[in-house]
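*Asks:* Position chain V relative to chain A; hints supplied.
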Amino acid sequence: MAEHCQPLVRVEANDFDIAAEIDRLTAGRQDVGAVVTFTGRCRDEGGRLAALELEHYPGMAEAEIGRIADEAAERWPLTGLTVIHRFGKLRPGENIVLVVAASTHRKAALEAADFLMDFLKSRAPFWKKEHPAGGEDGRWVEAKAQDEEALGRWGKV
Amino acid sequence: MKLVYFAWVRERIGRETETVALPQEVETVADLLAWLKGRGDGYAAALEYPEVIRVAVDREHVEHEAKLPADGEVALFPPMTGG
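Heads up: the sequence lines are chains A and V, in that order.
Just so we're aligned, residue 33 is where the first sequence starts under this note's numbering, counting upward by one.
Just so we're aligned, residue 4 is where the second sequence starts under this note's numbering, counting upward by one.
No lab work stands behind these hints: they were computed from the structure.
Just so you know, these numbers come straight off a predicted model, no measurement behind them.
Beta carbons are placed, not taken as given, at the ideal position from N, Cα and C, and that holds for glycine.
Heads up, some of the hints might be wrong.
[To be verified] Mimicking DSS-like on lysine-lysine, the simulated pairs with C-alpha atoms at most 27 Å apart in a straight line are:
1) V:40 - V:5
2) V:40 - A:176
3) V:70 - V:5
4) A:139 - A:188
5) A:139 - A:121
6) A:161 - A:121
7) A:161 - V:40
8) A:161 - A:176
9) A:188 - V:70
10) A:161 - V:70
11) V:40 - V:70
12) A:188 - A:121
[What the hints assert, rightly or not] A short, non-exhaustive set of chain V residues, derived as facing chain A with CB atoms under 7 Å:
13) 11
14) 37
15) 59
16) 60
17) 82
Only chain A is shown next, with the shape it has when bound in the complex (with noise of 0.2 Å):
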């Protein structure tokens, strides 16, 4: 088995350029056959929330998102992995998150950025708090049950 590639980990503020993460994996290299971009984003919930504030907790947040990227480099034939996730308060329409796997064949990048996903939803130390648009008080967002039992799916972890 080949060596497993090293991911890249990034919290901050700063919004990422996605064609720049792209090219950090792929630039002069001929093996990479398959690149895979999830970027979550703030929505307005139909006009009715005017930012999300997120919280993280510093340190931690880094290292466990490093061992979700890790895990999924064991699991998949990757060829890079990057994951970025901001942190403070984002208006609808920025960016919150993001993954990039890239690999020969398409289908290691594709689970693994799925798996990023579900892992990083219930084991990541970030909470979002809405601010309404109306400027009432911030309400936390509440963790959803189907969040956990997606976990289920990818076996023991």
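*Replies:* Same frame as chain A, but now just chain V:
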């Protein structure tokens, strides 16, 4: 022992972090949650349903049955909603 709190756990307790000296009988994560709950109204509100609280020791998730380390950083927070 350094304790850190996040999201609504932090808001209800009313602080981000504190250092506590634990009584000897507090051995597990579940013991810690029960002990903290008795420390005042904010703690009682934050830990009303201790089973929903997630805990990390030195930045790694642990179960409520886990033994606490002699020293280190223990974080209490609600179920995560990132991604």
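*Asks:* Taking the hints in turn, state whether each one holds.
*Replies:* Tested hints:
1. V:40 - V:5: Status holds; Cα separation ~16 Å.
2. V:40 - A:176: Measuring from Cα to Cα gives roughly 25 Å; hence the hint holds.
3. V:70 - V:5: 15 Å, holds
4. A:139 - A:188: 20 Å, holds
5. A:139 - A:121: Status violated; Cα separation ~35 Å.
6. A:161 - A:121: 9 Å, holds
7. A:161 - V:40: With a Cα-Cα distance of about 24 Å, the restraint between residue 161 of chain A and residue 40 of chain V holds, given a limit of 27 Å.
8. A:161 - A:176: OK: residue 161 of chain A and residue 176 of chain A at ~14 Å, within 27 Å.
9. A:188 - V:70: 23 Å, holds
10. A:161 - V:70: 32 Å, violated
11. V:40 - V:70: Holds, at about 18 Å.
12. A:188 - A:121: 34 Å, violated
13. 11: Nearest chain A Cβ about 5 Å off; hint holds.
14. 37: 23 Å, violated
15. 59: Nearest chain A Cβ about 6 Å off; hint holds.
16. 60: 10 Å, violated
17. 82: The hint holds - residue 82 of chain V has a Cβ within 7 Å of chain A, the shortest such distance being about 4 Å.
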